[in-house]
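Chains A and B, in that order, give the protein sequences. Throughout the first sequence, residue numbering follows the numbering used here, covering 1 to 109 in sequence. Throughout the second sequence, residue numbering follows the numbering used here, covering 1001 to 1120 in sequence.
Simulated from the structure, these hints should not be mistaken for lab results. C-beta atoms are modelled at their ideal positions from N, C-alpha and C, and glycine is treated no differently. There's no promise every hint is true.
Here's a subset of chain B near chain A, in silico, CB distances under 10 Å, partners left out [as the list claims (entries may be wrong)]:
#1 HIS1029
#2 TRP1034
#3 GLY1051
#4 PHE1065
#5 VAL1089
#6 SER1095
#7 PHE1096
#8 TYR1110
#9 THR1118
#10 VAL1119
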Amino acid sequence: RKEVEQDPGPFNVPEGATVAFNCTYSNSASQSFFWYRQDCRKEPKLLMSVYSSGNEDGRFTAQLNRASQYISLLIRDSKLSDSATYLCVVDTGRRALTFGSGTRLQVQP
Amino acid sequence: GAGVSQSPSNKVTEKGKDVELRCDPISGHTALYWYRQSLGQGLEFLIYFQGNSAPDKSGLPSDRFSAERTGGSVSTLTIQRTQQEDSAVYLCASSFRYRVGGLRSTDTQYFGPGTRLTVL
């Protein structure tokens, strides 16, 4: 079983739609959680950290459920520019971050 | 300010040749990481340097791969006797990661643009 699992998608949604991605992690000792965004042929960039209480940044909301070991990302009012691959990232405290394989989002006009 | 830089941006080599990839991390960052990403795949951890500690090499796929970090700053990833399956984008990241007592800081990593390696 992979340490971090994501649905690869693609998720094809129209502009203005709300879309949610989930991610599960296997290591219950994981300490920190993040969502990164990666555009085609570009490097990953931090989108937002995920806090236990849940956090929101504009149209983006991240949630953490430690009991069920999953993380979610909600995007409201999708824009064409949101099209990218979204990487779920977990810090188990052992070494480098562990990246999921990503969920691809395609927002269509 | 300057971000993480990598060179070359593209490298085409013949099977069996050695290659060196360079990473300049963000100034002051204590941790440096190498990953690789094959087409359409996720990031694969290779190696991690933290300050003056011995590097974590647990992700290196074979003994053909090695990395150094000189003076706690610039890092070089070397691949000897390259194989076609080594073709990938090699990404470097750095972070300001520290430990105070038993607590370790959250690790926000900043990535360089990557080196696209093609082995013919």
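Right, here's what the structure says about each hint:
1. HIS1029: At 13 Å from the nearest chain A Cβ, HIS1029(B) fails the 10 Å test, so the hint is violated.
2. TRP1034: Because about 9 Å separates TRP1034(B) from the closest Cβ in chain A, which is inside the 10 Å limit, the hint holds.
3. GLY1051: violated, 14 Å
4. PHE1065: violated, 15 Å
5. VAL1089: With Cβ-Cβ at 8 Å, under 10 Å, it holds.
6. SER1095: holds, 9 Å
7. PHE1096: violated, 13 Å
8. TYR1110: holds, 8 Å
9. THR1118: violated, 14 Å
10. VAL1119: Not OK, violated: VAL1119(B) not within 10 Å of chain A, min 19 Å.
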